[in-house]
Each structure stands twice: as structure tokens, then as C-alpha cells.
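Number of protein chains: 2
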Amino acid sequence: MRTVLILAFLLVSTPFFSQTEDEKQLKAIYDEALTNGKAYDWLNYLSNQIGGRLSGSVQAQQAVDYTKAQLDSLGLDKVWLQPVMVPKWVRGVPEFAYIENKPGLTTNVPICALGGSVATPSGGLKASVIEVKGIEDLEKLGRDKIAGKIVFYNRPMDPTMINTFSAYSGCVDQRYSGAAEAGKYGALGVIVRSMNLRLDDYPHTGSMGYGDTPVDKRIPAAAISTNGADLLSATIKLNPNAKFYFKQNCKQLEDVQSYNVIGEITGSEYPKEIMVVGGHLDSWDLGDGSHDDGAGCVQSMDVLRLLKETGYKPKRTLRVVLFMNEENGMRGGNKYAEVARNKGEDHIFALESDSGGFTPRGFSIDASEENLKQIQGWRDLFEPYLIHMFYEGGSGADIGPLKEEGMVLAGLRPDSQRYFDHHHAENDTFEHVNKRELELGAATMASLVYLIDKYGTVPVKKIKG
Amino acid sequence: MRTVLILAFLLVSTPFFSQTEDEKQLKAIYDEALTNGKAYDWLNYLSNQIGGRLSGSVQAQQAVDYTKAQLDSLGLDKVWLQPVMVPKWVRGVPEFAYIENKPGLTTNVPICALGGSVATPSGGLKASVIEVKGIEDLEKLGRDKIAGKIVFYNRPMDPTMINTFSAYSGCVDQRYSGAAEAGKYGALGVIVRSMNLRLDDYPHTGSMGYGDTPVDKRIPAAAISTNGADLLSATIKLNPNAKFYFKQNCKQLEDVQSYNVIGEITGSEYPKEIMVVGGHLDSWDLGDGSHDDGAGCVQSMDVLRLLKETGYKPKRTLRVVLFMNEENGMRGGNKYAEVARNKGEDHIFALESDSGGFTPRGFSIDASEENLKQIQGWRDLFEPYLIHMFYEGGSGADIGPLKEEGMVLAGLRPDSQRYFDHHHAENDTFEHVNKRELELGAATMASLVYLIDKYGTVPVKKIKG
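Chains as they are written, first to last, in numbering that gives the first Met the number 0: chain Y, 0 to 464; chain U, 0 to 464.
Wrong hints could be hidden among the right ones.
[Stated by the list, open to error] Below, simulated DSS-like cross-link-like pairs (lysine-lysine); rule was C-alpha separation at most 27 angstroms, straight line:
hint	chain 1	residue 1	chain 2	residue 2
1	Y	Lys-26	U	Lys-132
2	U	Lys-216	U	Lys-67
3	Y	Lys-67	Y	Lys-307
4	U	Lys-250	U	Lys-271
5	U	Lys-216	U	Lys-148
6	Y	Lys-132	U	Lys-26
[Stated by the list, open to error] Over 10 angstroms on every C-beta distance to chain U, these chain Y residues come out as not near it, computed from the model:
hint	residue
7	Gln-48
8	Trp-79
9	Lys-139
10	Asn-153
11	Tyr-175
12	Asp-215
13	Lys-216
14	Asp-229
15	Ser-232
16	Tyr-311
17	Val-338
18	Arg-340
19	Ser-363
20	Asp-420
Please keep in mind that the hints were generated in silico from the structure rather than gathered at the bench.
Beta carbons: idealized from backbone N, C-alpha and C, even for Gly.
Could you put the whole structure together from the sequences, leaning on the hints where they help?
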């Protein structure tokens, strides 16, 4: 049930009402974040005391325990764990790979298994390589040219896209579905160019799926660093007899028990209207998951603290949700939405931070035109903090399942230029997060939460009066 | 003399004229920068093959030779060196400092001499410390409490300022004038908290001046890292008898010959209307000067290449100027303006990049209201590249001396959050510059140059017709 709808509408048409109070509140939030923010210290612990938090790992459980304890210490109205079963995939001993020009003449190259991949045979896998620029090339080549080989997906991210997430979207099908598709043509394995705009030596993992491929037909898939990809491509052009060898030892185990971590400030006037702010607590295992998505978790936690510390009591219920298993299963996001539906909870707003802890530039917003306009009407309030982007677009993977008509979903949009330098790789580590940039993100999120709470949202189809 | 003024005015009032052509040209510029930009390679050479380029040093001369050779290779209409005498200050052997709780109980702390400072006595300088929050505290304390001591300026940069350059401006008087002022009260030396928003172990140098202090009254001044400053402050609060020791070996030598490096594409229609794009080639000596201001130099060089490669022939004369000696003398900027005035050259526009190689956010503009409005009218053209800031403000130190009524001066404004982590310190190094961020800056500059060239500027007081 929505309340104060008429008031909300009045406010949409008079955006300068109470401007001074709003300006003061935003200033208080940003000042608190930049002088006394807790996000960076929390991230330091998550990254340097716990580390990579792959679903089902000991570290993931440590992260659940740690963040719950931190939320407990904030004096919220409720803190609880929401059980969710998660897949457990383990990398095993590190991967090994080389390019073989001829027997005895080899060059090692950095690879890592894609998350969810099967292992190679225990002695590894060696075969000729056929390079493609995407899944669509497979059909043109046909089974004759693919069977018995390793398919090498080498379509790079498009450097001319200013939003690097668009460049990622333009490539990631190779990683996610490349093995399932190549397997249909008799390929023995798959090597995918890392989703990275830089030339460097870090392989970038990420999720992949076999679809309905029977277990005995699944072929192993690994990512190769961008420098490695360029070397492999150059080598097979010069020497079609070159072979590629790789060995990986990963394994899918049984699902295990895990948790979403949830903290709540219960609304003072409309406790049944729920606002969610969150990130995902799991990460890949190669780095320490600082940008993806330790940053989003600690920013979301700090949103509640920032509002408390600045003396703002939400009228609506505000929850921080640290979702488990975004990376390889989305179980946490799905579970949270399922429980919410079963309980008949009324979520009016959800905001996710899962694009790195870089300087915030604005929000992508998935909402009705009226709600989008209301938020865009707050543009001037954000201008002093150099927050300029309020565009229609996707929000976040974990909050997506909550989507209902009339609800406002949003994603924090930090600067994206450096994100894929680190994404899912060994160098997604704490020293690459800047304290101020992280804090500005938390303050930007808290500011939007404050405005949504104060003015409510506009449920398009349910307008009364 | 300005031309096509009426046309320029028409265009101001019809900003969508030729939008498609402009959109295409900007897209071509950004695409070229992001796929084939040369700025990063040039910066790699400047930073890793040459290194820090303090005025008068061998490295500064190597940078002159290298950048001239690179400009020569671009097929410009003219490339030349403009002679300018520059001060030569040398650091000598590295500084050394410690806090002495009592004789024999000492803790070393990282310091560096401020640029232009005198040395300590050859055995170093040891004295009690008096902490102040700024120059204004000196008068309150008076000579009795200051004479014979080391004055410790410890006012930190204000973390709540979103534009970190404002926080810098709020502190830098301590560094620039702290020694001259403290010397008047009989202080023996000065230690200044590094201009850094982070807590770390890097001391940050920077220019200082003695004003009209006689040579024999000049006292040595050094910067201490922020961690060192916090330790020193805590120590003297607990133990007023603690002493500080430092030794530095710097020296001001005679002025030496150096050069501004200049390249030009001569205007095809209005060759006498000159546009300048530039940065400063000198840097401090502690790091390799990648952000300050190698980035601005290579971006400026690439502006001319980007326009050439995209097939755009400027109607007006476009010069890249790599200014010498911005850091400790401003001789290059002053010389360029002096020569331009002596020759009666007509500069209509100058753009400087000297705020780091980070993601560009826009421009600060020093111009008449009409010119500011014309540039703000191009906002939509820049939106696809997430360039949102077009505000009135300062431009750049080197181009400042060119200022005349009717002229447009502008500064590229990159994201400023990380700039002072590196500014004037040992960690201003190449690995902290992101290739895409650097390239986006070059493309943003080239885009503004293109628009200024195409539509001209509006000289307020000289409107004809």
C-alpha cells in the first residue's frame, strides 16, 4: 500500500519546495561520509582480513559473520541472516597453459578457469586452435573445422564505447555460452579472451553455463589474459600447426548453506513501505573482490549509518541487503525476492551498487516515466557533488528479481573507465580503491535514499484521487 | 582581428545548426583517441625513459628534445623551440629527518625539501617544535614562543570539499609562504604537512618563496608526509620536550637556458587568429611527473594529431605549447605571452591541461558571458562522452599571462579525487595513469578546439555590425 500519494505528486510539480532543508541534509551526508565514513575500514577488513569470497567458501561465511557483526554494532532496529542454498564451485590447484610452436618449444601464458567450468582431463588438454570472433562464427566454420580443436574466442571489448559496461555486454556471450556452443561442433575446449580493455597479463574469470549440455559432453573453458590472447592469435596466424595446452582442476560440488545479510531501520510512519540498498557479498576468488563488490556492500552498509549519524529517521523502512551468490548463481537475489513476495512485502525502491568503488557519476534508473522525472527533478541537489547522470537503464542484478510495476529500481553509476582493468581478476584488490571515491559513492546513495524516503515514489497504475 | 563575427553570433542563437556534422566530428575524434591515441606511448617515454623533469635538469632538456622530435614527426606546419632562461634548484642528496622523544629515542619520518628552500646547516637542524594551523597563528603566538624553534604547519586539506583543488588552495599558503613568515618571528626552520588528502608516507614537495627575506635570514622548509605529520603532532602533544631533526642539502644555482616546445598547424582561413593548447613539460623531481604534467603535454600534442588524423583542417592557427618551468618560476608561460605581445599576435583561445590525466569531467572557463554561453551551448555534443562541467573559473597557470579581454581561456577539468594522492610526490608515476582516461582527456580537448575553430569566439567589446 502506498501512502501520501497526493503529497508526492504535489512535490513533483514543486521541486524547489524545502530545497534548503534538502541541501542541508545532502551536505550533512557528504560531510559525514568524507570525514567519518566507515566504508573504507570495512572494505579493508573484507579485502585484507578475509579476501576473495566465492559462494560456498570459508571466506564467504567469514564475510557473512563479519558484516552481520558490523551491522549489529550500528544500532539498527533489526539485523538478520536470510538462509539461501548456494552452488559451490572450486578452482583447485592453479591452472597452467602454454602455446606450443613445436614439440619442446613452448611459451607459458596466464589463464584461469571460467567459473562453473569442468576440469580438463587430469593430464591436461592439448590441441590445435581455431580462432573465432564470436559464437556466430561457429556455424560458418562448421563441424569439420572445429571438431577435435580448441576454440579460441578472441573478440575484444570495443574501446570506442564510453560506457565500458556496454563494451562488456558486447563480448560476454563468448564467455558465458562459448563452451556450450563450441561443444556442439565437437570442440575439445574453449579459451576466451579476457573481458579487459587493457593489454596486460591478468586472466579474468567470470560465470559460464552449459545450458542443457549433458554432463559427459561438457568441455572445459578458460580465460586467457589479453596479452596472452594477442600472442596466441599472432602465433597461430604464423604457424597453423601450433597447439595450445591447458590444465585446470576445477570442480562443481554440492550446494551448501549460505546467507543474505540484512539490516533494517524500521520506518517511523510507513513501516510497510520498504526501501532496499545493497550490493553482493560474494566475489570471485582470484583477487579480494574489493571493487566487485566489496565496495557496493560497504557503501550500502554506510548508507544506513550516514542517515543515522546525520539525524535522519526514515519514514519508510530502510533495509541494507548484502546478497550472496551474485557471481555464479544469483541465488541470494532470487531468494530475497521470493521471501518478500511470500510475505506480501511492499518494496517501493531498491538501489544497488555493483559497478565498482570509483567516483560516482549518477544513477541508472528503471522506473516509470513519472518516477524517472521525479528523480531527475532532484538534479540540482546533486550538482554540488558532481553527480550528473540520471538516465533510464538497468539497475542491478540482485535487485532485479524484486521488480514490480510502480517500483523504482536504480543502480549507482560510478566512473567506468578502470572497472574492467580489475573485474574478476587477481588485481581486483583493496589498493585500487580510493577512499574518497568510495565514500562519495556511499553519500550519493544515501542522498537518493533520503529523497525517496522523504518524497515517496509515484506508483503509476495505482494513483488515488 | 576577429572575423566571421556575425556568423558566430548566428550560431550562438542556433546551436543545432550543423549538429550532425559536429556529432560526427566529435565521434571521429573520440574513436581515434581510444583506438589509436599516441598520448599514452608518449607519456610512457617521458615518464619511464626520461623521468622527473625539474627545470634546468638534464631530464628537462631530454624532454625538450624528445617532444620536439615527436612533433617534428607529426607533419605539422612549424615546430620550434622558444628560448627561456629558467631557475635551477637542485635537491642534492636525499633529506633525512627524525622525531626525538629523548636523546637516543628517535623515529625517522619521511620529509622532502620544498622547491626553492635553502639547505639546513650541514650537520642538520634540531630544535623544539611548535605546531600551528596556519600563518595567522604566528602573530597570536608571538616571537617568544616561536624564536629558536621549528614551526610545524599542520592545517590539513579540507576533506569535505568535492573539488580537491579548492581544498589545496585552502592550505597551500602554508607551503608557499610559511618559511618567509615564520622566519620573521625567529623560527629556525619550517615543516609543512604534505598537501595530501590521504594518510600515507609520501612527502609532497612544491614551490615556496622567501619574498623579500634577505638571503642570510632564509630558513629551510620541508614537507612531511601526512602520517609523519600526525605522528609529530601526537608526539609533541604528549611530550613537549620532543625535538625534530632534519637535514636537507638543496641549493639554488644560476639560471640556465631552456625552452618552450611549440608546434603549429597554420590556419587555412584566418592564420592570424591563434589558438593554443598546452601543458607544462617540467615537473618536480621526486616522481616521474606523469600526472603533473606529462599527461597535459601528451594530451595537448595529441590534440593536433587527432584533428589531422580525422581530416579536420583548422581555419585558425592551432599551436601546441609545452611550457617550461611552471612548477618553480612560471618562466615559460611568461615568456610565451611576452613574445606573443611583442609580435602583436592575436590569441583568441587557450586551453591548458594541468590537473592530471584522470577521467575528464569538463572545462573551467575564463571568458566573457557570451563566450561562456556559446561553449555551454555545445553541452549536448559532449553529453555522449559524459562531459558535463562547463563552469566559469580559472584556466591554467601557463596560459594565464596570455589573458586579454575577449579571449577565451579554459582548463580541462578531470576528476580530481585522486590527484592529490600523487601531486608533487614520489608516487606521481606512470602506472597511476589509466590509458583510456588519458585518451578521453585528449579527445575532450580536441573537441573543444574543433568547435572553437569552427565557430570562432565572440570578442565582446569589438562586435561589428
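- Query: Of the numbered hints stated previously, which ones are contradicted by the structure, given in increasing order?
  - Reply: Going through the list in order, the structure violates hints 2, 4, 20 and respects the others.
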